[in-house]
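Chain by chain, the residues:
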Amino acid sequence: AQKVTQAQTEISVVEKEDVTLDCVYETRDTTYYLFWYKQPPSGELVFLIRRNSFDEQNEISGRYSWNFQKSTSSFNFTITASQVVDSAVYFCALSETNNDMRFGAGTRLTVKP
Amino acid sequence: GAVVSQHPSRVICKSGTSVKIECRSLDFQATTMFWYRQFPKKSLMLMATSNEGSKATYEQGVEKDKFLINHASLTLSTLTVTSAHPEDSSFYICSATPYPSVTSGRDNEQFFGPGTRLTVL
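The listed protein sequences correspond, in order, to chains A and B. Final position of the first sequence in my numbering is 115; the numbers increase by one with none missing. Final position of the second sequence in my numbering is 137; the numbers increase by one with none missing.
One or more of the hints may lead you astray.
Simulated pairs of lysine-lysine, DSS-like, Cα-Cα distance not exceeding 27 Å [claimed, not checked]:
| no. | chain 1 | residue 1 | chain 2 | residue 2 |
| --- | --- | --- | --- | --- |
| 1 | B | Lys58 | B | Lys82 |
| 2 | A | Lys5 | A | Lys114 |
| 3 | B | Lys80 | B | Lys30 |
| 4 | B | Lys57 | B | Lys82 |
| 5 | B | Lys58 | B | Lys30 |
| 6 | B | Lys82 | A | Lys40 |
| 7 | B | Lys57 | B | Lys71 |
| 8 | B | Lys36 | B | Lys71 |
| 9 | B | Lys57 | A | Lys5 |
| 10 | A | Lys114 | B | Lys57 |
| 11 | B | Lys80 | B | Lys58 |
| 12 | A | Lys40 | A | Lys72 |
| 13 | B | Lys30 | B | Lys82 |
| 14 | A | Lys5 | B | Lys36 |
| 15 | B | Lys36 | B | Lys82 |
| 16 | A | Lys5 | B | Lys80 |
| 17 | A | Lys18 | B | Lys57 |
| 18 | A | Lys114 | B | Lys30 |
| 19 | B | Lys30 | A | Lys40 |
| 20 | A | Lys114 | A | Lys40 |
| 21 | A | Lys18 | A | Lys40 |
| 22 | B | Lys58 | B | Lys36 |
| 23 | A | Lys5 | A | Lys72 |
| 24 | B | Lys80 | B | Lys36 |
If you want the ones that stay clear, here's a sample from chain A, every Cβ over 10 Å from chain B, calculated [as the list claims (entries may be wrong)]:
| no. | residue |
| --- | --- |
| 25 | Ile13 |
| 26 | Ser55 |
| 27 | Glu61 |
| 28 | Thr80 |
| 29 | Asn101 |
| 30 | Met103 |
| 31 | Val113 |
Hints listed in this document are in silico derivations from the structure and should not be mistaken for laboratory results. C-beta: ideal position from N, C-alpha, C; glycine also.
Kindly produce the complete structure, drawing on both the sequences and the hints.
Right under this line is the structure:
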């Protein structure tokens, strides 16, 4: 069965600092998908990125970037120049070919002004 | 595209009553719908998976007689919490997977509803 580990329960930074959220996964499938979601206090999940197992290219979207390393089974997420609006819980998730999605425990990010 | 709605967004009920939550895919037909539960400060836990016209598949530890899932059409799934108790108070989130090629580049992905916050007094 697949498993996602987000070892950082809570992170607190000061605005404009860079912050990296770690995600380590386990799966026996060769084809799988990795995701990051943001969950603000309202509760609604906000999709950030999806990456399939055959695409190890790192991605940058504005202040967000993702580092996918199959060799270490990691899919880390970095926010550059953090802002107060980035404060939320961030979930990493893994979906295998049967569409069964498993979430990590989440990392609560607090960005202080 | 690929919008999923849930109704109601919040519900408060008395212990012992039943509550129905609706999950709709607004602009696509869904092959599969999923129901998750999230307790405060916890992660999302999959409760069950349902396909239109067939019985839902429940995760281990989820009582199928307590959490009734009906997937009546390709755009609607309902979760009924029967005889609700305070320990059922939680945030319930549904998701739906579209038929392939409906959402270019995002096949096999789950699109999430905004969630329903249930409080049982």
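Hints versus structure:
The suggested pairing of Lys58 of chain B with Lys82 of chain B holds, with an alpha-carbon distance near 21 Å, which does not exceed 27 Å. Between Lys5 of chain A and Lys114 of chain A the CA atoms are separated by roughly 31 Å; this puts the pair beyond 27 Å, and the hint is violated. For the hint pairing Lys80 of chain B with Lys30 of chain B, the CA-to-CA distance comes to about 21 Å; that is within 27 Å, so the pair holds. Between the alpha carbons of Lys57 of chain B and Lys82 of chain B the distance comes to roughly 24 Å, so the proposed pair stays at or under 27 Å and holds.
Among the hinted pairs, Lys58 of chain B with Lys30 of chain B is consistent with the structure: their alpha-carbon atoms are about 24 Å apart, no more than 27 Å. Between Lys82 of chain B and Lys40 of chain A the CA atoms are separated by roughly 30 Å; this puts the pair beyond 27 Å, and the hint is violated. Restraint check for Lys57 of chain B and Lys71 of chain B: the C-alpha separation of about 31 Å exceeds 27 Å, so the hint is violated. For the hint pairing Lys36 of chain B with Lys71 of chain B, the CA-to-CA distance comes to about 17 Å; that is within 27 Å, so the pair holds.
Distance check on the hinted pair: Lys57 of chain B and Lys5 of chain A sit about 19 Å apart at the alpha-carbon level, within 27 Å; holds. About 20 Å separates the Cα atoms of Lys114 of chain A and Lys57 of chain B, which keeps this hinted pair within 27 Å; it holds. A threshold of 27 Å between alpha carbons decides the hint, and for Lys80 of chain B with Lys58 of chain B the separation of about 22 Å falls inside it, so the pair holds. A threshold of 27 Å between alpha carbons decides the hint, and for Lys40 of chain A with Lys72 of chain A the separation of about 23 Å falls inside it, so the pair holds.
With a C-alpha separation of about 16 Å, the suggested pair Lys30 of chain B and Lys82 of chain B falls inside the 27 Å cut-off, and the hint holds. Pair hint Lys5 of chain A plus Lys36 of chain B does not hold up; C-alpha atoms about 31 Å apart against a cutoff of 27 Å. Between Lys36 of chain B and Lys82 of chain B, the direct Cα distance comes to roughly 12 Å. Compliance with the 27 Å bound is thereby established for this hinted pair. Restraint check: the Cα-Cα separation between Lys5 of chain A and Lys80 of chain B comes to about 24 Å, which is no more than 27 Å; the hinted pair holds.
Pair hint Lys18 of chain A plus Lys57 of chain B holds up; C-alpha atoms about 26 Å apart against a cutoff of 27 Å. This hinted pair does not check out: Lys114 of chain A and Lys30 of chain B have alpha carbons roughly 39 Å apart, beyond 27 Å. At roughly 32 Å between alpha-carbon atoms, Lys30 of chain B and Lys40 of chain A are farther apart than 27 Å, so this suggested pair is violated. Proposed proximity of Lys114 of chain A and Lys40 of chain A is supported: the alpha carbons are some 18 Å apart, at most 27 Å.
In summary, the hint linking Lys18 of chain A to Lys40 of chain A is supported, as the alpha carbons are separated by about 19 Å, within the 27 Å threshold. For a cut-off of 27 Å, the pair hint linking Lys58 of chain B to Lys36 of chain B stands: about 23 Å separates their Cα positions. Between Lys5 of chain A and Lys72 of chain A the alpha-carbon distance is near 15 Å, which keeps this suggested pair within the 27 Å criterion. Annotation: proposed proximity of Lys80 of chain B to Lys36 of chain B holds, straight-line Cα distance about 14 Å (limit 27 Å).
With a minimum CB-CB distance of about 15 Å to chain B, Ile13 of chain A clears the 10 Å threshold, and the non-interface call stands. No beta-carbon of chain B comes within 10 Å of the beta-carbon of Ser55 of chain A; the shortest separation is about 12 Å. Residue placement check: Glu61 of chain A keeps its beta carbon more than 10 Å from all beta carbons of chain B (closest about 13 Å). For Thr80 of chain A, the shortest C-beta to C-beta distance to chain B comes to about 21 Å, beyond the 10 Å cut-off, and the non-interface label holds.
The Cβ of Asn101 of chain A does not lie farther than 10 Å from every Cβ of chain B; its closest approach is about 6 Å, which violates its non-interface assignment. With a cut of 10 Å on Cβ distances, Met103 of chain A falls inside the contact zone with chain B, its closest approach being about 6 Å. Consistency note on Val113 of chain A: stated as away from chain B, and its beta-carbon is indeed over 10 Å from all of that chain's, at 18 Å minimum.
This entry does not satisfy hints 2, 6, 7, 14, 18, 19, 29 and 30, going by the numbered hints stated previously.
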